[in-house]
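Once you have looked at the hints, place chains B, C and D on chain A.
Chain residues, written in single-letter form:
Protein chains: 4
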Amino acid sequence: MANSKYEYVKQFEQPDALLPNAWIVVRIDGRGFHKLSDKYGFRKPNDRRALDLMNAAAVEVMKDLTDLVIAYGVSDEYSFVFHPTCQLFERRCGKLVTTIVSTFTAHYIFKWPTFFPDTPLEPSSLPSFDGRAVLYPTTANLRDYMSWRQVDCHINNLYNTTFWTMVQKGGMTNTDAERELKGTVSSDKNEILFTRFGINYNNEPEIYKKGSVVYRQYELEDPNSAEATNEPKQEDASSALQKDISKTQQEKIRKLRRKARVVVDHVDIIKDDFWQRRPWILSNKPGKLPTEE
Amino acid sequence: MANSKYEYVKQFEQPDALLPNAWIVVRIDGRGFHKLSDKYGFRKPNDRRALDLMNAAAVEVMKDLTDLVIAYGVSDEYSFVFHPTCQLFERRCGKLVTTIVSTFTAHYIFKWPTFFPDTPLEPSSLPSFDGRAVLYPTTANLRDYMSWRQVDCHINNLYNTTFWTMVQKGGMTNTDAERELKGTVSSDKNEILFTRFGINYNNEPEIYKKGSVVYRQYELEDPNSAEATNEPKQEDASSALQKDISKTQQEKIRKLRRKARVVVDHVDIIKDDFWQRRPWILSNKPGKLPTEE
Amino acid sequence: MANSKYEYVKQFEQPDALLPNAWIVVRIDGRGFHKLSDKYGFRKPNDRRALDLMNAAAVEVMKDLTDLVIAYGVSDEYSFVFHPTCQLFERRCGKLVTTIVSTFTAHYIFKWPTFFPDTPLEPSSLPSFDGRAVLYPTTANLRDYMSWRQVDCHINNLYNTTFWTMVQKGGMTNTDAERELKGTVSSDKNEILFTRFGINYNNEPEIYKKGSVVYRQYELEDPNSAEATNEPKQEDASSALQKDISKTQQEKIRKLRRKARVVVDHVDIIKDDFWQRRPWILSNKPGKLPTEE
Amino acid sequence: MANSKYEYVKQFEQPDALLPNAWIVVRIDGRGFHKLSDKYGFRKPNDRRALDLMNAAAVEVMKDLTDLVIAYGVSDEYSFVFHPTCQLFERRCGKLVTTIVSTFTAHYIFKWPTFFPDTPLEPSSLPSFDGRAVLYPTTANLRDYMSWRQVDCHINNLYNTTFWTMVQKGGMTNTDAERELKGTVSSDKNEILFTRFGINYNNEPEIYKKGSVVYRQYELEDPNSAEATNEPKQEDASSALQKDISKTQQEKIRKLRRKARVVVDHVDIIKDDFWQRRPWILSNKPGKLPTEE
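Residue numbers (the numbering used here), protein chains in the order written: chain A, 6 to 298; chain B, 6 to 298; chain C, 6 to 298; chain D, 6 to 298.
The following block holds chain A by itself, in its conformation from the complex:
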C-alpha cells in the first residue's frame, strides 16, 4: 500500500498501560478558573450554580463510564476512581484520562445554560479542564487520598467563608482580611465568624463543608453486618486479571451498574462508616437495588 513508506511513524507511539491491581484516580482541574470565575461572576466564597454544574457533569461521567466506582468533587476539581480490577481501555493511562476530561468538558459546556441561564458563555473564555492519573496500590492509600481531598475542602472552605464574610459583611479590604487571617487556626476562624458575625460554621451548607461524593446507590448495609465490617479483599488479583472470564462477566456487571442510580452526597468520607455502609464501592460488586426509589 502506498501508505507503507510513512507508516513506520506509528512505532513512535509508546505504551502507557497502568500497573494492574492498583487503584486509579483521575483528577481533573479547571484551567484558569480563578480568572474564569471573575469573568462569569461566580459568587464568593461559593457559587452554588457552579458546584451544581460540576456535579451534574460528574454524574454524566459516572453514568458513561460504569467502571468508575466513586467520584469526589470540590471547587473546580473532581477526582474519579477506577477499581484495581478495572480493565477499561486496557488501563491505558492517556485513554482513561482524556476520555474523562473530554466527557466532563462536553457536559459542562452543554449544561452551562441550564445552570447559568443569564450568563451565556463567550467563545474566547470557554471553561476547560486538565487531568492526570495517579495510582494507589492499597485501599488504605485510596482512602487516604479521598480523605486528603475532603480535609482540603474543609480547610479551604473555612478560610474562604471567614475571609469573604470579613470582606462582604465586615467591610474589610481583601488585604486587611488576608493579613488578619494569616497564622490563624481553625478555632480562630470559627471564633471570628461566630463572635463578629453571628455565624455558626457548623450550620453552613454541607455541600460547601464536605464537598460532593458521587456514586451508584444500592441498599445501604447495616454497619454491623458481616458484609460491612469485612475488609474489602483487594487481594484476589488472579481472578480479576483472568481477562477471558471477565469479558462476559464484566458486561453483565456493567448492565447491573447502569440500573443503579448515580447519587450526589455531601457526607463524611474520612471515617469508616460511609464505606462500611456502601461496601460495593471498595469491593466493586454491585449491591442490591433499592426496592423503591
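Calculated from the structure, these hints are not laboratory results. It should be emphasised that the depicted structure is a prediction, and the values quoted were computed from it without experimental measurement. Any given hint might turn out to be false.
Note: identical chains are not told apart, hence a pair may lie in one copy or across any two.
[What the hints assert, rightly or not] In the SDA-like style, the derived pairs of lysine to any residue whose C-alpha atoms are separated by at most 25 Å in a straight line are:
{"no.": "1", "residue 1": "264", "residue 2": "206"}
{"no.": "2", "residue 1": "100", "residue 2": "69"}
{"no.": "3", "residue 1": "68", "residue 2": "45"}
{"no.": "4", "residue 1": "194", "residue 2": "184"}
{"no.": "5", "residue 1": "68", "residue 2": "23"}
Coordinates of chains B, C and D only, in the frame set by chain A:
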C-alpha cells in the same frame, strides 16, 4: 496542619515530562464517532458541516495555545504539533494532552449549534474525544508523520467516495459495493468513478482530498530564497533550553504569534514546497505579518 | 563555569522512581547461559557447583543491600524483593536494578574459582546477567509471584530430571527423549523415573526441586502465635513515607539487619507456613536474633 | 498447566522500549569508588592502573555489543553510545543498561589481578557499578553530551592535579589546599602549578587531561573529503526502522564491525575534527579496514 497526615498521597503522582528537543504530536480522535455520525445524520462520505466544526474548534485550540506550530485534521481526528523547543507546562505529557482535548471539546460542543442549527445535541450522546502524545526526534520524522496522515486521508477518501457513490448513485447494497472494492487499487477506483458515474476524482473538493491544515499565516517566502531552502536547524538545543532567557523572549514571541491570523488550508503537505514557503512552521520563528489582510 | 554551555544535556535524564508502597521484585537472568553452561561443562540436569555459586552471590547481594527482604533463585535466575516501604535510592528503578545486577555479577565472577577450581573463566566467555524490576501492589500479588517461580522450578526440574535420566541412563537420543516427553503430565514423568530407572523423584535433593530461598534468619515464630497469623499490614503507608522520621530509624533497622545471618533454604514458599513462621519478611520488622547460633 | 494460576503475575511487567531514532547513552558509575579507591590504595590524583582497567573493561563491552558506536571514560565513569538506528533488544531500556553494567563489571573483576597484581580484591569490598540510559534526539545533542563529559574531565583533572601537587609536593594540608583553591579559575591553577612546582599542565599525560575515547578503528578520512564534511544524516529513519530488511543486513554489518579493531584514544572530541575524520561513528556505516595494522 491537620492535612499533613494525608498529604503523603501526593508522593504517588509520577512525573511525565516529555523528552526535550523532540517534536510533540498530540492526536485526538472522536470517541465512537461512527455511531455518533449515524445518530446526528452526518452525510456520507463527507459531511462538510462536521468538518467545518472540527476545523473551527482546531482554530480555537491553535489560538489558545500559541506554542502550537501546525495542526492537521481529517475525519474525526486532529493532530496538533508542538515545536521541539516548546516548554509549555514544562512539557508535561498529561497536561499538554488533556488541555488540548478539553479545549477542543469545549469549542466543539459550544459551536455545534452554529454548524448544525437543525440538529440539537442530545445529552445522552454528546461528542467527546480522546488523545495521546507521540514524540518525533527529527524534523524528517515529523514530516513523515504529517505525510502519513495526509496519505491516509487520500486513501480513505478515495475509498469512501467510490463506495458511497456506488451505493447512493449506483443503487448497490453496502455489501456488494464493499465486495467489489475489495483488492482494488487507486486507479481502479478512479476508473469506477469516471466510467460509471462521470466523476473525475481530481475535481472533488480539496478539503476532502487533502484534509485541513491549520497554521499561523505570515508572508510566504519565495521558494528559492535562502530562508526557504535552508534546512531548519533543530540542532541548537542548548539555547532553546536555557529557560531563563526564553521566559521573557517566549512571552514576546507569544504576543507576535497572537497577531498572526490562524488559517485553514487544504493543500499538499507531503512535498517540500508547503514547508519551504512557510519556514516559520519548522523554525518556530515568527515570519513577517502580511502588509494587508 | 566553562562547562555551562554543555550542561543543558543533563535535562534529558528522565526520572524513574517506582510507585511508592508497592513490592519491588528485581529479577536477574544469566545472559546466554545455555551456551555458557556447555562452554564450562555444567552438569545436567543440575550442576550443584553452579547453583551454589549463584546462591553465594545472592547471599552477598542480600548482605550488601539490607533493604532486601527475601530472594529466590532457580537455575540461572534470581529474584530479589524490596519491601513496599523501601526508600533505597529514592526507589529509582535503574539505580536499584543496576546495583543488584552489578553486585551479583561482581561476586559471581570473583567466587567462580572457589566453586569451579578446575575450570578457569575465559575472557571471551565471561558470565553476565541482565535484570528488570517489576512492581506488585499487594502482598497477595507478591506471594503469587514467588509461587510462580517455585512452581516453574518444579515443572522444569521434573522435566529436566526425567529427560536427562532417559538420555544419560536410558541411552536415548535427545530427540527421542524429547519426543516421548511431549504432552506428558507430572505423574507420567514420575512414573518413567520410577519404573524404568528406580528413581523416586521425591527423594531428589531439595535444592533442585524447590530452588533456593535466601533471607535473614531470626527466631522462628510459632505458626499459631498472634504474630504469625496476623496478616502483615501493608496498609500504613503514611508512616512509611514520612521520610524524615525514617532516616535515622532506617539506619537503626539497617544495623539490626546486618547482625542477622543470611541463610539459604530449600523449602516450600507457596504455602502459608513459611511466611507465618518468618513474619519479619513481609512485615519488614526485624525479629529476635537467635540466642545461639 | 499447573502454573497458570500464578502466571498472571507476568502481566505486571511493564514495557520500557526507548523512543526510536534517538541516540542512547548508557552511563555507568562506580559505586562508592571514593571509599574503594582508599581501600585499594589508588594513587592521587590519577591511578593509571585503575584507568587502564576501566578502559580494558570498556573495550570488552564494545567488542561484545557491536551496536555500540563509541564510548567515553573518565575517572570511575563510562558512557556507552548506541546509534539512533540501534534495534538491539528491541531498544528495551532495562535490558540495554543491565547488559552493559553486568558485562563491564564482569570484565573489571576478572581483569583486576592483571592491573593490580599486588592488591587482591577483598570479597567485602568488590567494585560494582550502577547505570542509566539517557536519550538524545539529535546528533548535536549527542555531541554536546560528549563535550560535557570531556570538559568535566578537564575541569576535574586540573583541580585534582593542582590540589594533590600542593599537598604531596607542597606539604600543605588538604584543608589548606582546598581553601586556597576555592574560587580560583583555570589560569590561577595553571599558575600555581608552574610557578610553585615547575609543572606545565599542558605536558601532563593526555589520558588524564582528555579522558579515554573508545571506538572501532577504520581508515581515517581526509578532513576535507566529501565524506567527512557531509553532515551525518540521522534523518532517514524509515529505512532504519524497516526491521525485516535490517535483520540480515544488521548481521552482515555486525560481522564487519567485529573485524575492526577497538582502540582507546585520548584526544579532543569537542571540536569537529575528530568526528569528521571518523565519519563511521555518527553515520553507523562501517569504514574501510586499515590495509595494514
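Legend entry - Violations among the numbered hints, reported as their numbers in ascending order: 1
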